[in-house]
Amino acid sequence: MALGKLMRTSKQLSGVTVGDSVSKSLPDIVTAVTDEWIEVAPDRIIEILQWLLDSDEFDAVQLSNLTAVDRHTHIEVVYHLQSLDLNHQLVVKTRTNGMDPAVVQSAYQVYKGALLQEREVYDLMGVRFEGHPDLRRLFLWDGFPGHPLRKDFLGMPGRINSGLEGFPFEDKDKPIRPINQENVEAGVAYVVTGETDEISAETESSEDRG
Amino acid sequence: MTTSTEPYVLNIGPQHPSTHGVFRLRVVMDGEKIKDLDMIVGYLHRSMEKLAEERTFTQNIPFTDRADYLAAMTGNLGLAIAVERLAGVEVPDRAEYLRVIFSELQRIASHAMANGTLISDAGAWQTPLLYMFREREKILDLFEMTCGARLTTNYMRIGGVAFDPPPEFWPALQELVDELPDRIDEYHELLVSNEVFLARTRGVGIISAEDAVNASLTGPALRGSGVPWDLRKTDPYSVYDRMDFDVVVGKSGDVYDRFMVRMSELYQSVKIIKQAMSQIPSGAHKTDIPLALRPDVGEIYSRIESPRGEIGFFLVSDGGPSPYRFHLRAPSLINLSLLNELGRDAALSDAIVTLGSLDIVVGEIDR
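Note that the protein sequences, when read in sequence, are chains A and Y. Mapping of the first sequence onto this note's numbering: residues 24 to 233, in sequence order. Mapping of the second sequence onto this note's numbering: residues 12 to 378, in sequence order.
The hints are simulated quantities; they were obtained by calculation from the structure and are not laboratory data. A few of these clues could be false.
[As the list claims (entries may be wrong)] In silico lysine-lysine, BS3-like type, Cα no more than 27 Å apart, as pairs:
(1) Y:149 <-> A:135
(2) Y:46 <-> Y:61
(3) Y:297 <-> Y:244
(4) A:174 <-> A:47
(5) A:135 <-> A:34
(6) Y:44 <-> Y:61
(7) A:135 <-> Y:285
(8) Y:149 <-> Y:44
(9) Y:262 <-> A:135
(10) Y:61 <-> A:174
(11) A:135 <-> Y:244
(12) A:34 <-> Y:46
(13) Y:262 <-> Y:297
(14) Y:46 <-> A:116
[Stated by the list, open to error] Taking CB as the label site, the calculated pair distances span:
(15) A:156 <-> Y:307: 45 to 51 Å
(16) A:48 <-> Y:16: 51 to 57 Å
(17) Y:49 <-> A:66: 25 to 31 Å
[To be verified] To give an idea of the chain A side of the interface with chain Y (calculated C-beta under 7 Å), a few residues:
(18) 74
(19) 139
(20) 158
(21) 167
By construction, the Cβ of each residue, glycine as well, lies at the ideal position given by its N, Cα and C atoms.
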């Protein structure tokens, strides 16, 4: 890939180098390499991370960043690892088999730093990390429908997936009436039902009081 | 263990002065000891990462102000550098020096705030905090002079900085860096010899170096445990490779060491600013870039050292004017990975001080 050289920061190891070394000890674990990253199967994440942590050549002692990207047919989970002594970074990726359910092994038993980052990815991207000790939503409340960082969560203009038409928790039978100046002046801020009779009565009464 | 009291649940926050924002802790207590601890965040979640996917790279810079709102300059800089690396934009030399000066001023302001609130948590209510605020005010005045804003600066741009500082900026900065070392000495005298402060912080909230590395801690939280890891030295960005400064590390990894690391970094920041002031060349402060910058297809993870640790930006470009995926690696959130282990079996008052020493900003945790 011609772009690879441009995109790699100076401390980041080439995926080709990492892939070659890994394949010598763990044959057929790496499914793809580019100049930037190596890719492995989602059920072999613990194996590869533990190997990279233990190996003298890579010494990947810290999970610097863990995040995920929605690729429409699958979700790609990205691990940025680094060695503090050797001062280099390397990138490991994995892809889930499909979107629902999207399952990946949890990295928590190798890196404690995965605890909150995996909860964040689960919350926003809907990836289930198998073996995570406490997989709950991090930012959103329990019962929130869907995972908002997925591309099909809401129809965003100019994107490939048109997505849903509205927020999934809105009740379609009860349209929210827009606030108009009349209501605001009369002291009625929000009107949630379409029952106009009741509203006009309330408006009149508040005007009477005013 | 036999207990003489019934365990009970205590709710701390979301509105509580020692949680530094809308951060909530749910603790199970046995007398004064914490048996279990759970953090509940998300009260300030504004879905920045989703919103960023619909805005151009330049339009996303103001979001980074509002993520870590106590260190807006370094947030701005992190994104600017990430996009420059992704799109291959050159930055003029003068802009690089201005970036270093403003990041270091921001680091002083942020560390002053962090240490001030930590002392506040330890029981010295308000007075020492306002000592710390004294210098922070002068720094914010300098920001206001340059870009019109004090907190949400929106100053760094892709390809440089927004404005060249006005002529009156330089004498004011000179005056500040001349008096700062004396002021920091004053804090030292006030605090470091204080018996109560030492009792509250020494040997409290100890994080071993192995745990700190394994739990992805960065910044003063990692350096306090004795790991000399500072991205300004180990992965230099901007013109930090031309600056002479030391990486400060602690020994025992307790609250006191994290406090002292921040305190000593104030001197190092002053040192860097002085060097940048003497080296800064004249010339342009910005290169012109297209209004809707379209980087090639690809992705990058770019990181810099913010006052709280490694602030990283993972950007995926699909060749369009806005990022396909925008992820902010928030040091405030990830530094909390060990909170449960640190809090368990500690006294509540120690857990509060430990949380204060990790220096969280809820805007960055929740994004």
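TODO: Hold the hint about residue 139 (chain A) up to the distance rule: shortest CB distance to chain Y must be less than 7 Å.
DONE: Holds - the Cβ of residue 139 (chain A) comes within 7 Å of chain Y, reaching about 6 Å at its closest.
Open item on the list: For residue 149 (chain Y) and residue 135 (chain A), compute the direct alpha-carbon distance and say whether it is at most 27 Å.
Closed with: Violated, because 40 Å separates the two Cα atoms, which is more than 27 Å.
Open item on the list: Does residue 167 (chain A) hold up as a contact with chain Y if the rule is Cβ-Cβ below 7 Å?
Closed with: 10 Å, violated
Task: Satisfaction of the hinted span 45 to 51 Å by the C-beta atoms belonging to residue 156 (chain A) and residue 307 (chain Y) - done: 40 Å, violated
Task: Pair hint residue 34 (chain A) and residue 46 (chain Y), alpha-carbon separation not exceeding 27 Å - done: 42 Å, violated
- [ ] For the pair we were handed, residue 262 (chain Y) and residue 135 (chain A), check the Cα-Cα distance against 27 Å.
- [x] 22 Å, holds
Task: Holds or violated: residue 135 (chain A) to residue 285 (chain Y), with C-alpha atoms at most 27 Å apart - done: 39 Å, violated
TODO: Take a quick look at whether residue 46 (chain Y) and residue 116 (chain A) sit within 27 Å of each other, Cα to Cα.
DONE: At roughly 37 Å apart (the allowed maximum being 27 Å), residue 116 (chain A) and residue 46 (chain Y) break the hint.
Open item on the list: Checking one constraint from the list: CA of residue 61 (chain Y) to CA of residue 174 (chain A), max 27 Å. Satisfied?
Closed with: Holds, at roughly 9 Å.
Task: Restraint check for residue 297 (chain Y) with residue 244 (chain Y), where alpha carbons must lie at most 27 Å apart - done: 25 Å, holds
Open item on the list: Does residue 244 (chain Y) sit within 27 Å of residue 135 (chain A), going by the straight-line distance between their CA atoms?
Closed with: The given pair, whose Cα atoms are some 25 Å apart, holds under the 27 Å limit.
Open item on the list: Hint check: residue 149 (chain Y) vs residue 44 (chain Y), CA-CA at most 27 Å. Holds or violated?
Closed with: At roughly 41 Å apart (the allowed maximum being 27 Å), residue 44 (chain Y) and residue 149 (chain Y) break the hint.
In terms of the numbered hints stated before, the structure departs from hints 1, 2, 4, 6, 7, 8, 12, 13, 14, 15, 18, 20 and 21, listed from lowest to highest.
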